[in-house]
Amino acid sequence: MSLLRPYGDTTGDGMVQVSFTLPMAHSKVAEGAAAQLAEKMGIQPALVVHAKPMGPDFTFFVVYGPVRHLVDPSLVEVVERDYPLLTAKEVNARVKSTLRRRLVVVGACIGTDAHTVGIDAILNIKGFAGEKGLEYYRELKVVNLGAQVSVPDLVGHAIEEKADAVLVSQVVTQRDAHLLNTREMSAAFREAFPPARRPVLIVGGPRFDESMAAELGVDRVFARGTTPVDVASFLVHRLEKRAS
Amino acid sequence: MSLLRPYGDTTGDGMVQVSFTLPMAHSKVAEGAAAQLAEKMGIQPALVVHAKPMGPDFTFFVVYGPVRHLVDPSLVEVVERDYPLLTAKEVNARVKSTLRRRLVVVGACIGTDAHTVGIDAILNIKGFAGEKGLEYYRELKVVNLGAQVSVPDLVGHAIEEKADAVLVSQVVTQRDAHLLNTREMSAAFREAFPPARRPVLIVGGPRFDESMAAELGVDRVFARGTTPVDVASFLVHRLEKRAS
Amino acid sequence: MTGKLDLDPVLVRRARVLARQVGRPIVKLARQHTTVSVERATLRLAGLSGADPDGTPWVNRLADAVRADVGLEHGLALPVWDALVRGEGEDLLVLAQKAAAGSVRFRLPDGRDATRAQAAARRQVGAGIRRIDAQRKARERLIRTMGDAPSQPWIYLIVATGDIYEDIPQAQAAARAGADVIAVIRSTGQSLLDYVPEGATREGFAGTYATQENFRLMRAALDETSRELGRYVRLTNYASGLCMPEIAALAGLERLDMMLNDSMYGILFRDINPIRTFVDQRFSRQVHARAGIVINTGEDNYLTTADAVEAAHTVTTSQLLNEFFAKEAGLADWQLGLGHAFEIDPDVPSSLRLELAHALLARELFPKAPLKWMPPTKHMTGDVFRGYLLDGFFNLVGALTGQGILLVGMMTEAVVTPWLSDRDLALQNVRYVLHAAGDLQADFRPLPGSFIPARAQQVLGESIDLLERILEHDRGLLDAIADGTFGLMRRPPDGGRGLDGVFRKAPAYVNPATDLLEGTA
Amino acid sequence: MTGKLDLDPVLVRRARVLARQVGRPIVKLARQHTTVSVERATLRLAGLSGADPDGTPWVNRLADAVRADVGLEHGLALPVWDALVRGEGEDLLVLAQKAAAGSVRFRLPDGRDATRAQAAARRQVGAGIRRIDAQRKARERLIRTMGDAPSQPWIYLIVATGDIYEDIPQAQAAARAGADVIAVIRSTGQSLLDYVPEGATREGFAGTYATQENFRLMRAALDETSRELGRYVRLTNYASGLCMPEIAALAGLERLDMMLNDSMYGILFRDINPIRTFVDQRFSRQVHARAGIVINTGEDNYLTTADAVEAAHTVTTSQLLNEFFAKEAGLADWQLGLGHAFEIDPDVPSSLRLELAHALLARELFPKAPLKWMPPTKHMTGDVFRGYLLDGFFNLVGALTGQGILLVGMMTEAVVTPWLSDRDLALQNVRYVLHAAGDLQADFRPLPGSFIPARAQQVLGESIDLLERILEHDRGLLDAIADGTFGLMRRPPDGGRGLDGVFRKAPAYVNPATDLLEGTA
Ligand code: B12
Ligand code: B12
Ligand SMILES: Cc1ncc(COP(=O)(O)O)c(C=O)c1O
Ligand SMILES: Cc1ncc(COP(=O)(O)O)c(C=O)c1O
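Protein chains in written order, with the working numbering: chain A, 93 to 336; chain B, 93 to 336; chain C, 25 to 545; chain D, 25 to 545.
Among the hints, erroneous ones may be present.
Unchecked claim - Non-contacting residues of chain C with respect to chain A, defined by C-beta distances greater than 12 Å in every case (computed):
#1 R48
#2 A245
#3 G519
#4 T544
What the hints assert, rightly or not - Each computed BS3-like pair below joins lysine-lysine, with the alpha-carbon atoms no more than 27 Å apart:
#5 A:K224 x B:K120
#6 B:K224 x A:K144
#7 B:K254 x B:K233
#8 B:K120 x D:K402
#9 C:K402 x A:K144
#10 B:K224 x C:K402
#11 C:K402 x A:K120
#12 B:K144 x D:K402
#13 A:K333 x B:K120
#14 A:K224 x B:K144
#15 B:K224 x A:K120
#16 A:K120 x B:K333
#17 A:K224 x D:K402
To be verified - Across the chosen pairs, the derived CB separations fall in these ranges:
#18 A:P148 x B:E253: 44 to 50 Å
#19 D:D463 x C:R514: 37 to 43 Å
#20 C:P516 x D:D463: 42 to 48 Å
#21 A:P148 x B:T179: 26 to 32 Å
#22 D:D369 x A:V171: 28 to 34 Å
These are computed hints drawn from the structure, not numbers from a lab. Every residue gets a Cβ at the ideal spot worked out from N, C-alpha and C, and that includes glycine.
All chains should be modelled from the sequences, with the hints used to inform the complete structure.
This is how it looks when you write it as structure tokens:
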């Protein structure tokens, strides 16, 4: 694919919309400062179409204009699914033939995060987007620890349940809470298990960057829009690789 | 004033919101391309929070994140009003003493532009934002030519009326129509008049950049939010300068 | 639908009687005159198209030549077909070329010559009318076979890139995203051109030139998309400006489905001469009537220059006049997309209640007309979030008051001509509101005597007063227009552009198009 | 307001009777138990504050020491004031420090010693209650002198930076932009702390710790802004989690004006033990009643995990229970900010009509309660334009159904904790909608028998059925909660956090705070 520019209403026009607040009172200078920022972002000419004073110390801006940057899709690195999507039946069959027992999955929201809807969407029978969750898979044993589980507790349960995989959800991202908690979690597992016996570590949540798995010390990161079958298929794929 | 960064909810967090369309089908690569563009704009990390396919060829994105650029308000150049704001009474008095006759203003929307509300706001008695328009000033003679006036017609009327000032409005900006028309207009006046006798040329409209007067060959550019008194005061200021 | 406002049927009848009284002298005036554009439209119906190397259409070259030789008060048909019958050219195109080269002279035939010329003209113009009839049938067949817009209101979206080849994919994208009607906005300035440009064009400003070829290209593209979507997507353009009749004819020939066509817009907003406008308007509406085209009137525009609350009754008055003129020209109720708009200043208290009152009034005064409901424009700002919200409430009022054609508002109204994404977001807005409201219209019945019906009755009353005042003028509507009654614009009957293209018909005036359209042939 | 739904008064009465039957055994249970936090709250009322160098509050140190020596089933008052009377410390702080150092032993006094200890305790706790009374009077005076929120609904905005010193300017900015109520959201995880942090804090995650000092700082800042604006701006925080009673006490002492306080939220959403919660809840509500604080209940939360249409009746059921528990604890109608929310999936047809039905039902079932109306959260996405629109329709439903407290929705709900500009835009949205709608509420009266009243009646019916089913359980509400009746969460009575802080009261149990609050002293 060739180089692209954003599209407003004509090919190549490069048009974008931006909004932000500057911590200064509204004035012509403030509008100029907004234009300056937009220009530093590559927008030229920057059209400051809206400036709204918010009290004496802040001004909100909306800016339109063409951005000069080119986008090169060929340089984009994405975590594409590098394993086949399986049906529930296939998952069950392959778990059975690989492990000769049920695969144990332990799930939790760790830290102070109490958003369980996301992990429940993956784990509960009810599932997500019309797809059944992992509990529905005969050959998977799911232990859902719920919310606000501490990392030591999680490790303890993983040991106790002989978990093959540990699924962790993190929804709160303010001050990078999700990254801090995930790193703490993966470090604890590295400490508690020899590399070969460490459960597969999966982390998920709406604001994760899927390319950060290595950096976070986990086997896979799942973001927005994940469905249970994505996860089940990945688990099979990873266990077959380990077994072979 | 010191260097600033945009403000989301904490001083210095640099947070901005951006939206744009890329001319490519929605996919993970497209989301990566959106992040790439945001990063080129200086947003790091770029959070692609919304991606909406628009048919097979386009995807719309909303991106949030912190921008690394700093804003330096001290470098902002704005066209600050460099003349005092006068009352209608003062305007009348000073026109009288400077010119010893009424000051003649010819106004029009030129080219194919038919948006008269803006110039009417400046010229008509009714005025704008609670302020009376130039017609209300006893010592100003206003000739409002209305919309879609061709440049030769405008020059003709300016000669005929012995215009001291010509006020032109341009609202349509697509394909830089306003800039092209303004340049054509100022060139025509330069051709038709010796420098000393050329009327004061003023152009206005919501999307003009006020710092472009020289580039456009006019004496002053007025943008969004202009009121009649801004214009009247400027006219007096400029005529007094010429007279002296 | 009706009956939420308790409108007094006696007053409603009175309003219509007054509109007829105001309109009748204008119709008379229109019948007494022809214009260059009516005459050129006749040539277009007869099949003359194309332009000379400078881009001047052959219909203009031919009309100008005839005018120079014999004037236009007898119409073009007699002198032109007389020349053809005389063998001055083998067809219209050759004749026009020769006329342009100055190698043919025109005369006004009489007696047998006149009869022969007239018959030849009627044959050829009749073929054009038959093509319009065929297009109307084609539309009906396509709707039958591939399906119509799924529900009311029809979702109406504009494209305005200036380049027909950018417009096409954008229009198709909009249709896929849910648009039922696509309007191709015209380049600024086209309305003041006294000719219709030729060919596919790529250089409009804030709109694309209306040309026969652009019409054809866009209609073909939408036919393709309609097939893909299994519903007929309508196409709209503007029959307005100095070439209103010609564009109407081209719209009929190229199967456009709706046309902006107002009885006073050109006068008020383009400073086109009132008589020119009324004559052109009557002819163009006759064509639309024949072509099965829905017209959209332009009352919404008044509220961009006048205040939407103060001037609410001028909208109603204009709707009544547009209705009268439209019916006189042969349009049926279902073809009357009468305009109105959500333009009340959001800072006015209870703006939503006022809008509901105005929108319901239009709905109940014209129960069978589709009504074109226009979004906020004047009070839109660069705050696109606020704009998106205002558009949502506009959509809600549309849903609650049963509007027929919902012109979709754009959050960037005050910024740029709409972007692809603006349209997509705007459609999402419409879909959400219509879907969420469901049949809330059925539950929503303002209490009798409450604010909403009271306001509607007040506006109707003011509109009746205004019609009465118009009648008191010596020259009725013409004087009222000169006074600034509509949209605060003052337009005297002898001012404005295009007056030199108006001719009082001579007794021997012949126009086979008018004859055929009026069924007098 | 009432009477738009034609609710059957017999059914309404029946619903309340059932709620009382369901609630009564829970009240009995609550009376039979105390908790560590109720006891620590008593110490706080008696004036003990501050923390040891590790940040553990002195109330915790003291309570732990007492518990270690004599258990808590008799309450803290007797052993603590017995020690003070015995001269083990000159005041509570010294006593706590000595207790922490292990240099004092507690005993359970009896006879004269007990009477003396109890009297001393009552004196000191009484001073705290008087301070709460004084704050209530101060609030009333401030409202009298500087004015109240100008109109209903009250505009309620959250700040959530995690840093009290960022929260303050943001709260002030929000108040200036029109907020009537500011809520400082708490850091994630605070609800699971079995102590209340101390001092001004700057390191919360997605919220700021609720501490006495943070309360004081924010209230002082808002007092300043209230004066500037000429209207009293209310402050809200959360009396929930393991320290619900203590936070309620601090709220009373520092003149907070509203508190999130639900009878079941902690159980369902924080997995706090049900009995712990019901005991804490009763005490905290007694404090709120005394302090003139408006509570906000949390039914909106159910609709984030359960479906807003299917589970609509669980909201109504919970509101009836919250009402019963609140009144039993002494709260007046005007203090009942019963919660509900605009959480119907926008893809559901007629979502707006359904929302109108649900919101009107709450309005008419609890005509004197202010009602807390929560914005869409679950179906918000990263499409901030769509989000802004949904929030607008949420505001509209609020305006049309007379909600008392409008929690302002943020377009960035699915993205980040609100930015300064999000709040400003959100307030603009609210202002537009309320201003535009005006008194549209008065015109809007759903047709009797139409969709809206029918839906409301259906939900009321389902709610009555549910209350009946709850009564059929052996252990009533406790079993129902264990079953996943609310928010689809299953919480057994012996599970959850904080059970080890629950004590069945001994016959000699004494708590002067409860006595004073219940008026039994
Ligand atoms: C529902 C909700 C709640 C409910 C939670 C109920 C529950 N039991 O989960 C309640 C009301 C209790 C709640 C409370 C709070 N919330 Co909340 N909440 C939300 C809300 C509205 C929806 C989240 C949701 O359920 N999404 C639906 C699920 C299906 O999506 P998902 O989580 O993204 O999951 C999908 C993928 O991400 C992925 N996935 C997720 N986890 C995992 C794990 C694995 C292993 C895998 C493979 C995949 C995976 O798969 C899922 C399916 O595709 C969001 C706003 C929004 N619209 O997003 C705010 C939001 C998440 N909440 C927020 C906050 C701040 C809070 C509070 C902390 C506020 C406070 N201070 O009181 C509290 C406290 C909660 C706490 N301690 O964590 C913020 C977080 C801000 C940030 N980015 O840091 C948000 C974004 C709202 C906001 N803008 O302020 N909340
Ligand atoms: C009203 C209006 C119309 C009315 C005009 C009526 C009339 N007689 O003026 C009607 C309905 C006729 C109309 C038609 C069209 N319009 Co129009 N219209 C608007 C609208 C809604 C408001 C403009 C307005 O009146 N603003 C209020 C005045 C007071 O503000 P102002 O013009 O900015 O003026 C102030 C300052 O700029 C300054 N100023 C302006 N001029 C001057 C001159 C001088 C000398 C000075 C000192 C100061 C000054 O002072 C004024 C007071 O502060 C805008 C959208 C919007 N909300 O902005 C679109 C808009 C301007 N229209 C637009 C378009 C494209 C058209 C059409 C071309 C569409 C079409 N193809 O059919 C047509 C044709 C018009 C034409 N040939 O020019 C576009 C322009 C896009 C662009 N940026 O290029 C806009 C932005 C809408 C859009 N998003 O598509 N329009
Ligand atoms: C009725 C009507 N005609 C025509 C137009 C378009 O203007 P023009 O004829 O200048 O292209 C409009 C603009 O909205 C309109 O409302
Ligand atoms: C009733 C109620 N209590 C408390 C909270 C806050 O949660 P936490 O107690 O975990 O801070 C909420 C959240 O919105 C709530 O609705």
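A quick look at each hint next to the structure:
The Cβ of C:R48 sits about 45 Å from the closest Cβ of chain A, beyond the 12 Å cut-off, so the non-interface label holds. The beta carbon of C:A245 sits about 17 Å from the closest Cβ of chain A, which is more than 12 Å, so the claim that it is off the interface holds. A cut-off of 12 Å between C-beta atoms confirms that C:G519 is not in contact with chain A; the least separation is 37 Å. Listed as a non-interface residue, C:T544 keeps its Cβ farther than 12 Å from every Cβ of chain A; the least gap is roughly 47 Å.
For the hint linking A:K224 to B:K120, the alpha-carbon distance of about 24 Å falls within 27 Å, and the restraint holds. Proposed proximity of B:K224 and A:K144 is supported: the alpha carbons are some 25 Å apart, at most 27 Å. For the given pair, B:K254 sits about 11 Å from B:K233 by alpha-carbon distance, which is consistent with the 27 Å threshold. Proximity of B:K120 to D:K402 is assessed by CA-CA distance (about 24 Å); at most 27 Å being required, the pair is judged to hold.
Restraint check for C:K402 and A:K144: the C-alpha separation of about 19 Å stays at or below 27 Å, so the hint holds. For the proposed pair B:K224 and C:K402, the alpha carbon gap of about 20 Å is at most 27 Å, so the pair holds. Distance restraint check for C:K402 and A:K120: the Cα-Cα separation of roughly 24 Å lies within the 27 Å cut-off, and the hinted pair is therefore satisfied. A distance of roughly 18 Å separates the Cα atoms of B:K144 and D:K402; the hinted pair therefore holds under the 27 Å criterion.
Among the hinted pairs, A:K333 with B:K120 is consistent with the structure: their alpha-carbon atoms are about 25 Å apart, no more than 27 Å. For the proposed pair A:K224 and B:K144, the alpha carbon gap of about 25 Å is at most 27 Å, so the pair holds. With a C-alpha separation of about 24 Å, the suggested pair B:K224 and A:K120 falls inside the 27 Å cut-off, and the hint holds. Note on A:K120 and B:K333: the hinted pairing holds, with a Cα-Cα distance of about 25 Å set against a maximum of 27 Å.
The suggested pairing of A:K224 with D:K402 holds, with an alpha-carbon distance near 20 Å, which does not exceed 27 Å. Hint check: A:P148 to B:E253, Cβ distance near 47 Å, so the stated range 44 to 50 Å holds. In this structure the supplied range 37 to 43 Å holds for D:D463 paired with C:R514, their Cβ-Cβ distance being about 38 Å. Taken as a hint, the range 42 to 48 Å holds for the pair C:P516 and D:D463, whose Cβ atoms sit roughly 45 Å apart.
Taken as a hint, the range 26 to 32 Å holds for the pair A:P148 and B:T179, whose Cβ atoms sit roughly 28 Å apart. Judged by the Cβ atoms, the range 28 to 34 Å given for D:D369 and A:V171 holds: they are separated by roughly 30 Å.
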